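Got two chains here, separate frames each, mind docking them using the hints?
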Amino acid sequence: MKKILAILLVITMMTTAAVCALADFEPSGNIEWYITSSPGGGSDIYTRKIIEIIQANGWVTNTFLPTNLTDGGGEVGRNKVAYTQGKNADTTILTFNSGDLMPMVVNTDNRIENFTPIAMMAMDKQLLFKGEHTPYNSFAEVLEAIKEGKSVTIGGSKGDDVATYQALAAELGVEETQLPYITYDGTGEAITMLLGGHIDLLISKPAAASEYVEAGSIQPVLALSTERYGGNLADAPTLSEVGDYKDVEVPVWRGIVGPAGMSEEAAIFWSGIFKQVSESEQWKTEYLDKYKLINNFMDYQTVKEYMTKYQEDYLASLDE
Amino acid sequence: MDNLQNLLMGFATVFTLERLAVCGLGAILGLIVGAMPGIGSLAGCALLLPLTYKFEPTAAIIMLGALYYSNMYGGAFSAILLNVPGDSPAVMTTLDGYPMAKKGQPGQALLTANVSSCIGGILGMIILTFMGPMLANFGLKFGPAEMTTLMIMAMTSIGWLLGDDPLRGTISTLIGFVLASIGMDTLTGAPRYNFGSLHLMGGIPFVPFVIGAVGFSQVISLMMERYNGVEMPKDKLTIRGSLLNRSQIKRLLPPAIRSGIAGTFIGVLPGSGATAASFLGYAMQKGFKNKEPLGSGAVEGIAACEAANNAAAAGSFAPLLALGIPGSGTGAVLLGGLMMWGLNPGPLLFTNNPEFAWGLIASLFIANIVALLIAMSIIPNLVKILAVPVKYMIPIITTICFVGAYATSQSMYGVIVMVLSGIAGFFFKKADLPVAPMLLTFVLSPIFEQNMRRAFISSGGSLDIFVGSPLSTAFLVITLLLVCSPAIKAAVKKIRGPKAAQTKE
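Those sequence lines, one after another, are chains R and C.
Counting from 1, position 297 in the first sequence corresponds to residue 297 in this note's numbering; the numbering is continuous, with no gaps.
Take any residue in the second sequence, note its place counting from 1, add 320, and you have its number in this note's numbering.
The shape of chain C in the complex, shown without the other chains (with noise of 0.2 Å):
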């Protein structure tokens, strides 16, 4: 009861006239910010931090808070839009996100994107509310072992769970695991593959990497496909025709829900973040009923990502607050933001400031809620970009392509990256090989090559170490189900074979 008035109190912090329409601005500018590609939500509230400088304390945290969530919702837009995730979390929400406004829905798209990525942020803020140090111990429980564990169990399921063909699926895995050991040992810091290139040693940027891969690549069969392969119905983009209506509504709560919760904690767990939670909501919705199948457009499939995404960036302020430790790249920004105001984030914040501790969570709810409803007014807008033909779409596309991979690298390297990965995804789609699989090993690899190394120092070498832990042995059991799951299938198919035959005559 003591954290509900605690609460009450932070929001009552809140809620003045200034901080509200501070909350408001960093709503507004997040959105901008975020639906550039290239961007992301990291560096936008890097961006914009030295703007909160000129704020009092609990104004300016409030702003960024406001900041950070919105910049995910505005993450959603070009990555349903335009088919150009903007950062990592955004990868999975092309998937079903890119095929639905493809469909003729691009509003609906977009709101369930949203309202998604609100529902989870609430529940996020709910849990991390009532459970804040119970969720920062939880994250405490994940040493070397837990963590190499839980991503050999999310590298092995990502090829099968995304795309048709397992070994198709495979093949583009392994890929990016091959890519991502590119640059310096993550170690000891020994350059590897880098051919002598500077450049290389500092690894293949991402963003880069993804807008050539997913975005460029579109372009690119796009010009080859020389036809306006998507007539988008114009009477369809009005206000009316973006709402989301019963059914789908009805569709999209229980993944949204689910992935929540789980997003939640997986956002606590250290170094693994949005991504992760975002795909391991996608993939875990995989397992459930879905009234069109993932990948083809479904309001699920979006659902289940942007909940869990958000919900991850809500989980990533346990340790933050509780311990002091950023969870996440954009929770070490806002720790900074923290810093430069003469607070000391660690252990001691709740007992040395309440106010303001609580006052930015209470911000965090309102700024989910203040994001949800300035992104709801402005989708109406932002879908007639697809009403625009193909032959002026394609320019627009490879200009924003070219600016967001220089944005982030500011050099030609990151152009050079965006453009090779472009033609490399495109080679892939010809190939029917499905890009997100190598995207996602990409991000994930260097978490597990870290963390397989430092558990084997640990153990002097011993395999034992993985066993050790309830925790990494339960994940090890679960991945090695799902890779004899085919097996087993196909035997209970066999058992049962005869009479499922019977029962279909």
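Only chain R is shown next, with the shape it has when bound in the complex (with noise of 0.2 Å):
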């Protein structure tokens, strides 16, 4: 009988501790979160948001470090989550949206097997702005120019807003030398670059570029989407409005990952949290509605085979 019951008591104690640990997940220390793009851009505001609903809730109580890291284009950062290890693991969190899935499968050897999906939060299309110093009032006056052979500057961040420009030369069938692109490490830098006249058009998405058009200095001339944006970027045309072309759109997914070493826990507990956020009023009003995206949240095991998915279709159309 007391060898059936200690038998009974070690099982018991077991179980407990292999349920709490699954359930009762607790992140100790800080939280490293790192952002592969400059401060004031799209990812950045995105992730910023996030940690203030988290922390005005009091949803999670340990201090979050977000951090800029945008060597090498960001795949410094990309790297040094992948490979980050140990306890420390459960505790680092990077920005992803399918921008940096891109660049970081075409240039490195880094795959998202590599990082631990945790959740998808929204879906981010962009605009063409122009600034005071640009030539050009509307795009069909951009159009107009290339036809006479003039070359028109594009500057933007990477990734993703270079997939939608390369979309929108394909469409137009321009030649890169007549619209180049120039890339900056966010589009907090590029939208200087477009004060400063330095380049003849913006490719922002909203929740950057919102605070200039509100201040009057920038404005949308064209709207990569198939249909108008509304509030202050009503403005703008889509490309069918224009001329005989297709509307352009390659919608951006934002999502947030870990790295491989991320315990299923932390995971499950990560995706309980932002899943919270995702239902937020805050997160209605203050990020979607505010900055005109669509909310497509994902827990951890949708998100990693949207990505996964999302990964192989794009390996796919390369070898195209």
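Any given hint might turn out to be false.
Straight line, CA to CA, 30 Å or less: simulated DSS-like cross-link-like pairs of lysine-lysine [what the hints assert, rightly or not]:
1) R:Lys275 to R:Lys246
2) C:Lys750 to C:Lys423
3) C:Lys461 to R:Lys150
4) R:Lys309 to R:Lys284
5) C:Lys609 to C:Lys570
6) R:Lys147 to C:Lys461
Computed from the model, here is a short list of chain C residues facing chain R with C-beta under 7 Å [unchecked claim]:
7) Leu460
8) Gly463
9) Met504
10) Ala510
11) Gly516
12) Leu668
13) Ile777
14) Gly780
15) Ser782
If you're looking for bench data, these hints aren't it; they were derived computationally from the structure.
Everything numeric in this text was worked out from a predicted model, so none of it was measured.
Glycine residues also receive a C-beta, built at the ideal position from the N, C-alpha and C atoms.
Structure below.
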């Protein structure tokens, strides 16, 4: 009898411990959160908003340390996170969107398998903007100028902005020398260049450009979307409105990943936290509605499938 | 006049007991963090940012401002006392700071650094207050072409300005160039010279590199020399002995003021910041009359670079406040801080939150003065470090180098880089190659490369873009003059030679 009791006790203790480990993951120490583009840009605003909501609601009381690591086009930061191991892996987070995945798989051997996908938070799209030094008033004028043989410079961030730009150039049927693209470490930097008149047009998602549109220093000229935006971006036509073209839209997903070494318990924990964020009123009004994004929350299991599939499709498209 | 009124309103916001206390606390923490090599102002601010979450926004930003400024004061301590620069602007401070400390005037060297920092910082803030938007617009004029030619100008002159032998200086500059190209391509992210190593793909981390090349290499030479080279006269290390005398103050003022003004403008430029400012301030000073030659422990040298880098810090606030664009890494951290409190930095900050924006500016003024006062009160104790015999100093500096290198990279990779660059730095010294040009080029050449390639993309590969704007043309002309100056000097000497010889007789 004693023996059976002892065995039972041991089993109970072990299962309790296992269940506790699964359900009761508590992050310890600081949360290191990496962003691979510069401050003030879209990814940066996105990350800081999520952290703000988590902290304001007290869902996680640990200190968040958001760090912008832009070296090597962001590859350095992604590598750093991918190879974080041990206990730190549970508290290391990376802002990761489709624009990060694309250059990563092209330039390096780093793959989504080196990460633990945690959540998907939103879908984003871009617009083209002009500044006060831009010699063209509308996108129709831009097309006119290109036809006359002038070159019109577009500036923007890395990754997804480049992909959208390429889709636009392909649809317009222009050479990249007529519509050269200059890559910056983040949209914030590109905005400076537009304000100074060093580039003609800016490609940006609504979030990073919003303040400047409100202040009247830049104006949208083209929505890279199948339908017009609302609010202060409503003036920008889509490409099919401008001429005999198809609309160009390359949706950008905004996700969150951790290192491959992150434990499943931690992934479940974080996925739950981000679900709470995505369901909050603050997220809807202060992020999605304000910056005109679409909610598409996915938890850690769904997003893992999604990102892996996305990578597969993208790699396949490169081989064509 | 509006601005003055706003500034006074800002001061009114800051002058409460709580906020002044917070300002003092920030200054003390900043000094401590800044004095630790390997942490530097950027990481310092990032590390201490979370501390401020508990405060109300205005108090929090005041604390951050104080922290930011005093951080830079602290950075000079290890550079001057131990010859270990904690971050890149401090490389310039070691050039004259350490020799001056070695000459038995460590207190004066530290005071010179801090008083000049204060002058530079306050000048910068004054310019920022009255010309903030203008400054920001000046920064906007710098596109890829302008930045490229500015960097060409800076890097052409580095080799000649630092050290006595232009040829050796140029060699060192070029080595810096090569080392900086290791890692990922700045525009496309393609790996270069990484030889399959994941670590090298991220490039050589700067702080371990600097700590090694300057600090650890010196430990090696101390060990090789096997004697107590510098005997500090112990009786001199009193508070009174640390004070600046009148002639030193006179020597300090002109370079500090000149560099302060120049530094403010350089600070506004995108991505250049404090390092470029302290270098250019020093370079400028080389053109003026100095009582002692620069590099031998001259008050002017310390003053010129310290004033410039603090002024640049002030200048970097102009794009941040007027346009919402952070001009420096630290600016970015502060920006992050602002956003945490639900403030949207950007073109509308001054209109929407004037109390806050001006409170920040006022707090930066006060932070400058508080940091100076606190630094002055601890300098007499700090200089005692130099009284420690060399045989104890060697293990202490070695430990600091190792910890500093580890702290920045959080991995043994940083430590390996530190040790290797220490050994390299030691051989540099043996070969009479100056280290500073290599370090500065290492910082500046990525800015150069990135901007040059952007310029070529937008011009379609044509060189015309570099003479397309008055600014970049001017930089090119200055570069040309610099390159030709030895030939011109020689020619002038030849023509005037006989005359000069006559007058000498």
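- request: Grab the minimum C-beta distance from Gly463 of chain C to chain R and call the hint holds if it beats 7 Å, violated otherwise.
  value: 3 Å, holds
field: Pair hint outcome, Lys147 of chain R versus Lys461 of chain C [Cα-Cα no greater than 30 Å]
entry: 29 Å, holds
query: Is the Cα-Cα distance between Lys309 of chain R and Lys284 of chain R 30 Å or less?
result: Roughly 28 Å separates the two Cα atoms, so the pair holds.
message: Quick check on Ala510 of chain C please, does its C-beta sit within 7 Å of some C-beta on chain R?
response: Where the cut-off is 7 Å and the nearest Cβ of chain R is about 6 Å from Ala510 of chain C, the hint holds.
- prompt: Can the hint on Ile777 of chain C be confirmed by a CB-to-CB distance to chain R that is less than 7 Å?
  reply: 5 Å, holds
- prompt: Regarding the hint that Gly780 of chain C lies at the interface with chain R, is the smallest CB-CB distance below 7 Å?
  reply: Holds: closest Cβ of chain R sits about 6 Å from Gly780 of chain C, inside 7 Å.
- request: Decide if the proposed pair is consistent with the structure: Lys609 of chain C and Lys570 of chain C, CA atoms, cutoff 30 Å inclusive.
  value: Holds - the C-alpha atoms of Lys570 of chain C and Lys609 of chain C are around 13 Å apart, at most 30 Å.
query: Does Lys750 of chain C pair with Lys423 of chain C here, judged by a C-alpha cut-off of 30 Å?
result: With Cα atoms ~22 Å apart, Lys750 of chain C and Lys423 of chain C stay inside 30 Å; holds.
query: With a cut-off of 7 Å, does the beta carbon of Met504 of chain C approach a beta carbon of chain R closely enough for the hint to hold?
result: Met504 of chain C check passes; min Cβ-Cβ to chain R is 3 Å, inside 7 Å.
task: So, Leu668 of chain C near chain R? Judge it on the closest CB pair being under 7 Å.
output: Since chain R brings a Cβ to about 5 Å from Leu668 of chain C, closer than 7 Å, the hint holds.
message: What's the verdict on Lys275 of chain R and Lys246 of chain R, does the C-alpha distance respect the 30 Å limit or exceed it?
response: Violated - the C-alpha atoms of Lys246 of chain R and Lys275 of chain R are around 36 Å apart, more than 30 Å.
message: Please verify whether Lys461 of chain C and Lys150 of chain R have alpha carbons no more than 30 Å apart.
response: Roughly 23 Å separates the two Cα atoms, so the pair holds.
Checked against the numbered hints given earlier, this structure breaks hints 1, 11 and 15; the rest are met.
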